[in-house]
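K.L.:
Chains as they are written, first to last, in the numbering used here: chain A, 3 to 675; chain B, 3 to 675.
Take the hints with a grain of salt, since some may be wrong.
[What the hints assert, rightly or not] 35 Å max Cα-Cα, derived DSBU-like pairs, lysine-lysine:
1. B:Lys584 / A:Lys280
2. B:Lys33 / A:Lys675
3. A:Lys33 / B:Lys657
4. A:Lys604 / B:Lys584
5. A:Lys398 / B:Lys280
6. A:Lys636 / B:Lys617
7. B:Lys244 / A:Lys213
8. B:Lys636 / B:Lys617
9. A:Lys617 / B:Lys601
10. B:Lys98 / A:Lys531
11. B:Lys33 / A:Lys398
12. B:Lys398 / A:Lys604
13. B:Lys657 / A:Lys63
14. A:Lys636 / B:Lys98
15. A:Lys31 / B:Lys582
16. A:Lys580 / B:Lys33
17. B:Lys33 / A:Lys531
18. A:Lys601 / B:Lys601
19. B:Lys370 / A:Lys31
20. A:Lys349 / A:Lys326
21. A:Lys636 / B:Lys580
22. B:Lys33 / A:Lys587
23. A:Lys461 / B:Lys636
It is worth saying that the hints were derived from the structure and are not from the lab.
The chain contents come next:
Protein chains: 2
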Amino acid sequence: MEKLTADKTTLEQLCINTIRFLSVDGVEKAKSGHPCLPMEAAPIGYVLWTKYLRHNPKNPKWPGRDRFVLSAGHGSMLIYSLLFLTGYDLTLEDIKAFRQWGSKTPGHPEYGETPGVETTTGPLGQGFANAVGMGMAQKFLAGKFNKPNFPLLDYQIYCVCSDGDMMEGISSEAASLAGHLKLDNLIYIYLDNHVSLDGPTDLSFSEDVGKRFEAYHWHVQHIEGNDTAAISGAIEQAQRVKGEPHLIIARTHLGYGSPHKQDTAAAHGSPLGADEVKATKQNLGWPLEPAFYVPKEALDCYRLSIESGQKREDDWKTLYANYKKAFPELADEFDRFMKGELPSGWKKALPSFQPKDGPLATRQASNKAINALAPALPFLFGGSADLATSTETTIKDSGDFEAGRFDARNLRFGVREHAMAGALNGIALSGAGFIAYGGTFFNFLDYCKPSVRLAALMKLRTIYVFTHDSVGLGEDGPTHQPVEQLATLRATPNVLTIRPADANETVAAWRVAIEHQDGPVCLVLTRQKLPILDRTKFSSADQLEKGAYILIDSEGLPEIILMGSGSEVSIAMEAYEKLKEKNMKVRLVSIPSLDLFRKQPKEYRDRVLPPQVEKRIAIEAASSFGWREFVGAKGEMVGIDRFGASAPAEIIYEKLGLTSDHMISIALKMLGK
Amino acid sequence: MEKLTADKTTLEQLCINTIRFLSVDGVEKAKSGHPCLPMEAAPIGYVLWTKYLRHNPKNPKWPGRDRFVLSAGHGSMLIYSLLFLTGYDLTLEDIKAFRQWGSKTPGHPEYGETPGVETTTGPLGQGFANAVGMGMAQKFLAGKFNKPNFPLLDYQIYCVCSDGDMMEGISSEAASLAGHLKLDNLIYIYLDNHVSLDGPTDLSFSEDVGKRFEAYHWHVQHIEGNDTAAISGAIEQAQRVKGEPHLIIARTHLGYGSPHKQDTAAAHGSPLGADEVKATKQNLGWPLEPAFYVPKEALDCYRLSIESGQKREDDWKTLYANYKKAFPELADEFDRFMKGELPSGWKKALPSFQPKDGPLATRQASNKAINALAPALPFLFGGSADLATSTETTIKDSGDFEAGRFDARNLRFGVREHAMAGALNGIALSGAGFIAYGGTFFNFLDYCKPSVRLAALMKLRTIYVFTHDSVGLGEDGPTHQPVEQLATLRATPNVLTIRPADANETVAAWRVAIEHQDGPVCLVLTRQKLPILDRTKFSSADQLEKGAYILIDSEGLPEIILMGSGSEVSIAMEAYEKLKEKNMKVRLVSIPSLDLFRKQPKEYRDRVLPPQVEKRIAIEAASSFGWREFVGAKGEMVGIDRFGASAPAEIIYEKLGLTSDHMISIALKMLGK
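Isolated chain A (complex conformation) (with noise of 0.2 Å):
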């Protein structure tokens, strides 16, 4: 191999083929795996990492870094080479653990495993539509802390996508939107390779990409992805360009190198097998033995990312101790921005309600606890899916995130809840401090779920204000009213779900909401008003923390048990009074998340609902699916295990026995009366 090292173009060739045949080594001992993309697109990853993304290996966390984003998660191998090669946390062995058991090379790019990997990636278009968040929360810190002469936060987002990409409908969504803000903070590189899992694209592909790209505003260069000079250019035209997001289309070529395999599916989702491998390698002049060959002079150009990165990261920390003398308040909110720390007496402004307010819908409610925290939360950032005026979402006195106006704070998603929710994620990706959140129709939960799963999976902090939660929304009818949304979310892992009674409870979940640091929160809010509880009467609304609580109960141990969540527990407390009148000894739940009441120790939740009275019914305007273990064998649920209808709320909930007089007949009917 000596003879390689001789010049710049075959130690730029040494280093591409270093990317190619770990990765290709790593899918072959894990006998499972994508080398097909870390083949094609190693010459733009060798450039990209050594010539432009400003990082430093040795610190993945520096705030002023470029983020590297690779939507199409499948190639993992091409990060985790790069970051193996560039000096990361990250050795030789984790590459060789590729895709087993507790290793930091999983098969699909995971945040929190691997250092360097900025979002966990592999539903195509996720990453795609998390980068564009990316985009806007760099815009909105850009927004509020640069200053002339003090570029603080001036990074940019590289993201790397293929084929899937393109063709998933959130990548459509969050490109037009990442056009409309004009995010030229965005430089995308979209692997065109002809070729998808099923074979030639062609086969259900023939758009004219960059056409549609430059239809919502992107600037578009085409280059050939093996040309690192045309790679590097194009770069360099992204940076210059400004007012537009930026797509470079690389023609490259699938599984690059394989005498067999380049440019066909046979390529893109297994291994290449022994012998392609031996074919590979000597096509490509690369020794046979040992696999996993690093040669020295590949490795040491890629490590000098080490010292470069560094500097810039001193470079950066000089430009923040002189920023830090000239706008000591601005850096102090920064510093606290990156910790993640809530300002102390946050909660003070949070408003408590009286019933003699009057009837609150708990999504207005919501709006009041907003806007009583913006001022004290400068980093909640967020909007709604072309549904501000019903989410109840807006800041009052913020404006709109747009271009020219980027510290603005609440953002206009448009009818597009898929890239609103992988956006959420970017934002809550670019800083500890950011409390994203994001509202729609609860029933639109459905079109946006990949992303809330992702957040789950990451344990993002973003917070979902999911409105017009059940049939009480009335006339919209079964296309718009919620079913089996809060089944889905319950069963999903890490997620919060919290659907509160009255406006107080809502209060209370946006607190729980914002101290909540491990995963997303959903808000289950209502569209139709709710008496406000009187809460002189009954338990106070900060034990919705825990889940569920008491709220009314009888002397001694209860005959039976009535419990329900969100617009169902006034229903509830109905039919609480009238069995009360009746002498029963009734006591009253409400139950606004089962997520944190299973998390209670089984001494609380054996105090709330004590196994010993075994009459309990339930009532949520929702399926029943799941409520056994809450009612238990002998309880009742009154649910809706069927589509809604289209009508006036009070009409549904009558016809559909949501209702405390259904709730007295089977109360009666258990305790045999």
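Once you have looked at the hints, place chain B on chain A.
P.N.:
Chain B alone, transformed into the frame defined by chain A:
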């Protein structure tokens, strides 16, 4: 009003304004709804329905009819007005009952509730994708049945859509697919009104829609939406231009005619209010009283559709009668298709498997079932979202459905799960005979759930082949491993979910799926190979149709019941055998479908899971949410209440406790041994 009838132009305006004010009055009376869209789109509705749409109001199911899809379903009063005016079985009283319980005029158009409504719309983008599916179905039927001089099925699909439709990702996916397939039978009219719910669309939407659709290879025209001659011209041009789908971008005015609300978001989602209704009627020269005024001249004009529609259908019947003489076998096949009848003996070819055949993944068994069924079921029509090889959904003796080969049965959806599911709905809506299926990884249910939900709401005959159904897929890791998806489906009304335990249960599942006509069926299948259960020892797989059945029993009442679904049945079987060796009385239950099991009579359910046997252990590689109903208060569930991990499948099963040893240790503890 008399002088208005003086000439054609004024009669036209009279007809157009009739739609406007029926809609305005309908929304006003309901105190809920969207008057905006019918006011803006009335000229388009009038021109299309009176001059171009081939329909017969007296037979909304005439197979030769053009299809009309109102993708912007919130404008439902547009279609209700047109249906009433042109003479469908919808009265003025029905119009007055807009958005009331049990009426034929729900808040959003609902298939099955209103004669002439071709699909349920409202969740944006869905109608857009349904219409693409209808376009695919028309091409398939034409490819199969049309003969020279016998254009039996040459209908077109008209679709009216809004900004929201254009922003949703599903529409982008569907548009790209339609352009790829050159579906020139699609004529879409986009109401470009510059206003969305939150305000001017340019708050969040500034892309060049026309250019985007040209990039998808659509034929794009721009017109003024109030210019009836331009509307006619554009429709005629669209009918002429072949080889591309059509988009007519009509610059329209939301709430047209309303002096204070036209072109504002205020006219979007709320009634105009009494004062503005009055001002609008005065502005457009409409009598203030009575509400729901229908000028006789306008009604007469619209009702001409009855005669012309009958004539069109009569002509078609003549054509068909001649066709039947010329092509008697094809005509018979067409008749069967129209009736949705399964050909006699279709089940005969279904395979059965023996343990000696060796282990088989249920996805592989599914492929064998599909290929056994395909020759007998000519309208089994489906494909996958770029995962044909992985989901094993290919019909081997058929080619790919594409321009020039529209009689082939393998659909190539690309990496577009949402458009796939939306298109499947459109195919299912195109004729009772279609058995439309689509495949993807089970985790990507999340990407298409909104369309699956609508299939459930409409009770459509669609089949989803969801493979890679658990952590058993192994190395791809948690981004690809479903956990909560089974709970999601089980909580969704009208969905039948089946997770078969081996190859023979898979065949039985396909049999149930083909016979099921009451909503979508989800087949949840493994990536990994599973042993074939020895049916000489265990009960027949045919019992799968009951949802759960005793695979093998103890003598006398069991001490403990083990149960499981899918790939975990073989784990439960191992546990069964080891416990039996220890002389315990164990029953082993296969429970492939909670949905089917719930529908059995109580007597059967109690026979399989006798209430007195409270020691029960269930195993399923998924969220335990919802299983309490089956394991009872004292039972235990071996499930996965966390996300999965990237590793070889057997390691994951071991690490997560999905093992027979774990079941045995629980059983021994339960039995106090």
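K.L.:
Now look at each hint and say whether the structure bears it out.
P.N.:
These are the hints, each one checked on the structure:
1. B:Lys584 / A:Lys280: 53 Å, violated
2. B:Lys33 / A:Lys675: 42 Å, violated
3. A:Lys33 / B:Lys657: 20 Å, holds
4. A:Lys604 / B:Lys584: 34 Å, holds
5. A:Lys398 / B:Lys280: Distance ~33 Å between A:Lys398 and B:Lys280 Cα, so the pair holds.
6. A:Lys636 / B:Lys617: 17 Å, holds
7. B:Lys244 / A:Lys213: Judged against 35 Å, a Cα distance of about 22 Å means the pair holds.
8. B:Lys636 / B:Lys617: 6 Å, holds
9. A:Lys617 / B:Lys601: 25 Å, holds
10. B:Lys98 / A:Lys531: Holds, at about 26 Å.
11. B:Lys33 / A:Lys398: 28 Å, holds
12. B:Lys398 / A:Lys604: This hinted pair is violated, its Cα atoms lying about 56 Å apart.
13. B:Lys657 / A:Lys63: Measuring from Cα to Cα gives roughly 31 Å; hence the hint holds.
14. A:Lys636 / B:Lys98: 45 Å, violated
15. A:Lys31 / B:Lys582: 40 Å, violated
16. A:Lys580 / B:Lys33: 33 Å, holds
17. B:Lys33 / A:Lys531: 16 Å, holds
18. A:Lys601 / B:Lys601: 33 Å, holds
19. B:Lys370 / A:Lys31: Given pair B:Lys370, A:Lys31 holds - Cα atoms ~32 Å apart, limit 35 Å.
20. A:Lys349 / A:Lys326: Roughly 28 Å separates the two Cα atoms, so the pair holds.
21. A:Lys636 / B:Lys580: 33 Å, holds
22. B:Lys33 / A:Lys587: 42 Å, violated
23. A:Lys461 / B:Lys636: 32 Å, holds
Hint compliance for this structure: hints 1, 2, 12, 14, 15 and 22 are not met, and every other hint is.
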